[in-house]
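K.L.:
Under my numbering, the first residue of the sequence shown carries the number 117, and numbering increases by one thereafter.
Don't read these hints as lab results, they were simulated from the structure.
Just so it is clear, CB atoms sit at the ideal spot from N, CA and C, and this is done for glycine as well.
Check each hint, because a few of them may be wrong.
[Unchecked claim] No more than 25 Å apart at the CA atoms, straight line, and that leaves these computed lysine to any residue pairs for SDA-like:
hint, residue 1, residue 2
1, 465, 552
2, 448, 489
3, 728, 564
4, 500, 446
5, 153, 313
6, 448, 663
7, 693, 680
8, 552, 541
9, 269, 313
10, 153, 436
[Said to hold, decoys possible] Okay, the calculated beta carbon distance ranges per label pair:
hint, residue 1, residue 2, range
11, 546, 517, 50 to 56 Å
12, 685, 268, 50 to 56 Å
13, 171, 546, 24 to 30 Å
14, 575, 741, 22 to 28 Å
15, 436, 608, 22 to 28 Å
16, 356, 735, 41 to 47 Å
17, 214, 685, 53 to 59 Å
18, 268, 229, 25 to 31 Å
19, 187, 229, 23 to 29 Å
20, 199, 355, 48 to 54 Å
21, 214, 286, 27 to 33 Å
22, 575, 727, 22 to 28 Å
23, 229, 741, 18 to 24 Å
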Amino acid sequence: MSKKKISIGSKLYILLCFIFFYLPIVVTMVFSFNSSKSLTKFTGFSFRWYKKLLTDEGIISSVYVSLSIAIIATFVSTVLGTITAIGLSKSRKVVKDCILNINNIPIMNPDIVTAIGLMILFTSLRMGRGYLTMLLAHILFCTPYVITSVYPKVRSMDHNLADAAMDLGATPFEALTKVIIPMLKPGIFAGMLLAFTMSLDDFVVSYFVTGNGVSNISIVVYNMTKRTNPTINSLSTLLILVVVVIIVAVNVIPNVAKKRRFKRESYSTPLISKRVKRVFSIVGFACVGLFAVYCISSFLKIKNKPELRVFNAGEYIDTSLIEKFEKEYNCKVIYETFDSNESMYTKLKSGASYDIVIPSDYMIERLISEEYLKEIDWSRITNKKNIIPELLDNEFDPGSKYAVPYYWGTVGIVYDKNVVDKKDLEDGWEILNNEKYKGNLYMYDSERDSLMIALKALGYSMNTDNTDELDKAYEWLIDEHDKMEPVYAGDDVIDNMISGNKAMAVVYSGDGAYIVSENGDMDFFVPNQGSNVWTDAMLLTKDCINEDLAYKYMDFFLREDVATTNTEYIGYDSAVKSVYEYFRDEEYEGNNACAPDISNPKNEAFHDQNEKTRMYCDEIWTKVKSR
């Protein structure tokens with residue numbers, strides 16, 4: 117009786133584990149067929165996101181990059197790892213121990229350390245980052261895993277068998293391929309699968325060593341997560357199905373073959389083996405041929421076309437406009453993305469070269485001070501007249517010498533009109549300390565924006581470097597943290613607020629506009645104490661190669677029709693005056709409430725902090741997040 121109870125309990129435990137592991141996958145697959153953008157509300161069955169996925173040239177290209185690099189890196193690392201493992205078995209103990217310890221360093225090292233190290237190495241060697249550097253990096257970090265998988269098998273095998281084979285007339289190569297390799301097959305296959313998985317899954321190393329518009333699946337998916345993008349679900353579902361098919365094929369086909377196998381004459385076996393080998397050879401050559409055709413066609417497609425290198429934030433452009441620009445000017449745009457101004461700065465300092473970069477105000481100020489930019493020749497930008505005048509000649513770029521405004525916005529609070537009392541909004545940022553909404557609040561997971569909220573609530577400038585004022589801002593944040601129990605969230609706050617999971621959230625105005633348009637119960641306001649009114653701008657770098665094309669690109673995105681299409685896609689406020697006014701119209705999905713207000717004198721733009729203040733703010737924010 118007791119055994120039966122234990123058995124039932126064990127089965128229930130296993131079932132719960134499987135549900136815990138696989139329920140997120142099932143949810144992802146279900147929502148890949150959702151007709152709306154929501155990641156939490158299923159509004160109807162549709163293949164909309166699959167159609168978008170299969171027509172997205174950037175995603176298709178990333179799949180090709182991921183698979184080709186994973187296959188090549190797996191093959192090379194498997195060969196290198198196997199040869200190294202066999203060689204170690206014949207080495208002296210001191211050499212063997214030394215190499216094995218060195219081999220463990222990349223495995224135990226944090227990915228970010230390996231990534232930065234490789235980035236510096238390739239920069240020092242003056243290697244142009246792109247497909248080759250990503251491939252070399254993948255080979256480097258996959259090889260140690262192969263060595264670790266193969267070496268135990270090498271140690272356990274009988275080395276006398278290889279010697280016996282050579283005594284019987286086999287060459288050293290024949291002894292290797294016909295005796296040693298077959299005995300090591302389990303370890304080699306384990307290392308091969310591990311290398312393939314590591315390569316296909318890698319993000320951190322790939323992100324820092326790539327360039328020239330080369331992105332793998334991980335980088336593309338990461339950039340998609342900056343905004344609500346259900347195409348991720350479709351891509352994930354297809355990858356899951358491919359993995360399932362491979363697993364089923366590997367496990368089922370051999371069993372089916374065994375059941376269908378019957379007695380054959382001895383002479384027929386070699387004939388069948390030859391046919392099988394021939395089929396595999398034909399398939400292999402066909403794959404290589406298709407790969408070569410793809411590479412040649414891709415090369416011929418962009419050959420003799422002028423190139424423009426653009427570096428922009430992820431999910432911050434309607435990519436169809438890039439294709440439109442390429443057709444209009446018969447050129448190729450090498451478009452890369454970053455996840456933050458700081459990661460962009462790291463790449464630039466590591467030696468990466470671009471024609472146009474699109475950072476935020478305080479980072480523009482830093483780049484100007486470090487003489488990274490070229491001055492703008494405004495006579496070559498015919499659409500300057502379209503720009504909102506207030507966005508020109510500002511504090512971070514006096515005289516508008518370097519920056520061509522791209523998009524702008526502010527930080528405010530999106531709130532549920534059915535939960536939040538309108539009278540409480542009069543408290544401004546202090547509403548975030550109103551215990552009526554305890555546990556019902558999202559704070560934006562951003563150091564500078566969170567400190568900005570506290571400083572503005574206390575009546576200070578958000579650009580202060582006064583440690584006493586910063587200490588008071590720290591106390592304000594700690595008090596809010598302990599009293600209100602907020603959830604610090606990133607871009608996932610968008611779908612959570614659309615679903616009405618909390619009463620309030622600190623968000624950027626563009627995200628607020630999207631939330632309000634998707635959920636009629638939500639509204640947005642910017643407290644009267646002032647907020648961060650930021651501006652992102654297009655900059656011409658000192659490394660710009662094709663200035664003529666760069667000016668055409670900046671002018672293109674100041675065109676009214678282009679800016680309208682782009683604004684509809686990304687949701688933020690355009691620097692083009694007519695487009696900004698159109699989207700501010702109250703008739704356009706209520707976005708008027710989310711439009712940044714430039715009339716409030718308490719609004720500010722972030723300035724670049726000095727090193728001492730930056731480190732002090734980092735320390736404060738770490739203390740807040742660690743509570």
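K.L.:
For every hint, state whether the structure bears it out.
P.N.:
How the hints compare with the structure:
no.	hint	in the structure
1	465 / 552	47 Å, violated
2	448 / 489	22 Å, holds
3	728 / 564	15 Å, holds
4	500 / 446	24 Å, holds
5	153 / 313	30 Å, violated
6	448 / 663	14 Å, holds
7	693 / 680	11 Å, holds
8	552 / 541	13 Å, holds
9	269 / 313	21 Å, holds
10	153 / 436	19 Å, holds
11	546 / 517: 50 to 56 Å	39 Å, violated
12	685 / 268: 50 to 56 Å	53 Å, holds
13	171 / 546: 24 to 30 Å	48 Å, violated
14	575 / 741: 22 to 28 Å	25 Å, holds
15	436 / 608: 22 to 28 Å	26 Å, holds
16	356 / 735: 41 to 47 Å	42 Å, holds
17	214 / 685: 53 to 59 Å	55 Å, holds
18	268 / 229: 25 to 31 Å	27 Å, holds
19	187 / 229: 23 to 29 Å	27 Å, holds
20	199 / 355: 48 to 54 Å	32 Å, violated
21	214 / 286: 27 to 33 Å	32 Å, holds
22	575 / 727: 22 to 28 Å	26 Å, holds
23	229 / 741: 18 to 24 Å	22 Å, holds
The structure is inconsistent with the numbered hints 1, 5, 11, 13 and 20, although it conforms to all the rest.
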